[in-house]
Amino acid sequence: MPIMTDLHTELKASIIEQLNLEDMEVSDIENDEPLFGDGLGLDSIDALELIVLLEKDYGIKLTDPKKGREIFESINKMADFIEANRTK
Amino acid sequence: MTNLGVEHWVRITKGKIILDGEVIFSSEADIARFLKTSFKFLNIKYPKFHKMDRLSKLGFVASEIALKNNNIDEETALVFSNNSSSLDSDQNYQESVKEFPSPSLFVYTLPNIVLGEISIRHQLKSENVFFVEDEFNANLIIDYSKQLIESKKANKVLCAWLNLHNDEYDVFLWLSSESHKKEASEEQIRKIYDADYD
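Same order as they appear, the protein sequences are chains A and B. If you use UniProt numbering, the first sequence closes out at 88, no skipped numbers anywhere. If you use UniProt numbering, the second sequence closes out at 198, no skipped numbers anywhere.
Read the hints as simulated data drawn from the structure, not as lab findings. Keep in mind that the hints are not guaranteed to be accurate.
Below, simulated PhoX-like cross-link-like pairs (lysine-lysine); rule was C-alpha separation at most 20 angstroms, straight line [said to hold, decoys possible]:
(1) B:Lys-191 - B:Lys-181
(2) A:Lys-61 - A:Lys-77
(3) A:Lys-61 - B:Lys-98
(4) B:Lys-36 - B:Lys-14
(5) A:Lys-56 - B:Lys-36
Input sequences plus hints: build the corresponding full structure.
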């Protein structure tokens with residue numbers, strides 16, 4: 001049984017809103033689904049928006065953008081990273 | 001001297017979309033809702049539309065209608081013009097800077113981004129230009145288009161006046177080519193632009 005926390009749901013809702021993923025609902029995004037490439041099909045500008053989202057909503061400043069590749073792999077990875085590093 | 005003709009034209013203004021003189025869509029909603037419903041009216045799947053700025057959305061909808069069932073090749077050029085440049089997006093971006101500058105707003109702070117969006121959609125690898133003028137200048141667009149066709153850089157040119165300012169939109173887009181019979185003279189183009197479609 002996959003673990004679904006409030007943070008997972010909150011992240012999905014924020015991504016849908018911030019990245020203008022019209023016609024998409026929270027339930028359409030799987031926790032382990034790739035966010036880039038074949039999954040949600042996000043692009044490089046979306047990646048920058050996700051970096052902004054981390055700082056704005058969770059107080060996490062990503063100093064090494066290369067880390068984004070790993071952190072933004074899926075909702076699960078993002079949630080784990082936020083739990084471990086959030087300042088708000 | 002090359003004489004250009006109009007294959008199809010699209011006018012989008014005051015809640016109406018007009019194709020070749022016929023109103024094909026109308027809505028009294030505000031611009032945000034108008035863009036959303038006009039996209040639905042196109043009945044296509046293109047998620048990137050929702051990420052575009054409003055100027056690009058207007059250009060996308062107009063070109064989608066004008067180019068539907070039209071045989072264009074990758075050399076089809078784009079000659080666009082407006083008065084307000086990308087001011088609509090510039091202002092939104094400036095607003096975002098107060099908190100966190102938005103990368104996705106920033107990428108639309110140039111008027112010619114819409115040309116890229118249309119080129120991606122229709123896989124164009126052609127000449128393109130975006131003039132910022134005081135007002136609709138049919139002569140400039142026609143002369144530039146003729147030049148492109150005479151110098152064999154394009155067989156067809158998608159021409160447009162694409163203006164958005166303070167939520168008011170004024171779009172006139174036409175597909176121009178040498179072969180077509182309907183004349184695309186300055187007078188004729190001006191006449192279509194100035195006509196009242198109420």
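Against the structure, the hints:
1. With a C-alpha separation of about 17 angstroms, the suggested pair Lys-191 (chain B) and Lys-181 (chain B) falls inside the 20 angstroms cut-off, and the hint holds.
2. Taken as a hint, the Lys-61 (chain A) and Lys-77 (chain A) pair is honoured in the structure, with Cα atoms around 16 angstroms apart against an allowance of 20 angstroms.
3. Annotation: proposed proximity of Lys-61 (chain A) to Lys-98 (chain B) holds, straight-line Cα distance about 18 angstroms (limit 20 angstroms).
4. At roughly 15 angstroms between alpha-carbon atoms, Lys-36 (chain B) and Lys-14 (chain B) fall within 20 angstroms of each other, so this suggested pair holds.
5. Among the hinted pairs, Lys-56 (chain A) with Lys-36 (chain B) is inconsistent with the structure: their alpha-carbon atoms are about 28 angstroms apart, more than 20 angstroms.
Checked against the numbered hints listed earlier, the structure breaks hint 5 alone; every other hint is satisfied.
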